[in-house]
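K.L.:
Given the sequences, and given the hints that come with them, work out the whole structure.
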Amino acid sequence: MTSPSSRRVRVRLYASLAEAVGPVLELDVPDDARVRDLARLAAAAHPELAGAGFGVATADRWLAADEPLPDRDDLALLPPVSGG
Amino acid sequence: MDGRRLAERLAGPDAGALVTFLGTARSAPRAVADGEVLALEYEAHEVLCRAEAERIFAEVLARHDVLRVGLEHAVGRVPVGAAGVAVVVAAAHRAPAFAAAAATMDLVKARLPVWKKEVLADGAHWVGPGS
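Heads up: the protein sequence lines correspond to chains L and S, in order.
Just so you know, we're using my numbering here: the first sequence kicks off at 277 and counts up by one.
Just so you know, we're using my numbering here: the second sequence kicks off at 41 and counts up by one.
Please keep in mind that the hints were generated in silico from the structure rather than gathered at the bench.
Selected chain L positions facing chain S (in silico; Cβ < 7 Å): (1) Ser292; (2) Ala333; (3) Asp336; (4) Val357.
A few chain L positions that, by computed beta-carbon distances, are all more than 10 Å from chain S: (5) Pro306; (6) Asp313; (7) Leu317; (8) Ala319; (9) Ala320; (10) Pro323; (11) Glu343; (12) Arg348.
Keep in mind it's a predicted model, so treat the numbers as computed, not measured.
Glycine is no exception: its CB is placed at the ideal position from the N, C-alpha and C atoms.
P.N.:
And the structure:
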């Protein structure tokens, strides 16, 4: 059950974050949540994530911390990248 | 991966310069103080990679006088000495081609959703950003 002013989001994790807590997280977020709230709530639910910097993205693009958290099923929490 | 197929695709009679950069796995570790890296392992958010690569190309094409830009990135295991990433730039002239290739790599390292792990004899360690 979630309160009327919140929704449950399903977030895919990658790399070191997925190793720490598994490939998927489900979190309750306020309907007016910003992207930064998702990161904060994830760390609150999973202390092993605290202190890890991470980015949030959809399948299309990186999200800015202060934008509204979109209501999508392709959200992902991503560690700092290290490609190339 | 050697960048040759990518270079063949991007070459053309309009290009007097074709620059290929290969990022290769080296044995000195970054994730730990010492040891010998045997291989890298790459993980990627592949769908987002394709979208972000298109944005990177658009930015490089807007800022540099070049014709075409391409990128390949390995996923999975890359042994030391082998290439994990290839960037190819086609341009009329070499100076902007070199500059655009470097700029593309900078953007790849900053923004492409890929993560590397160094595999050593005692285990594997995720590498921090920008290394």
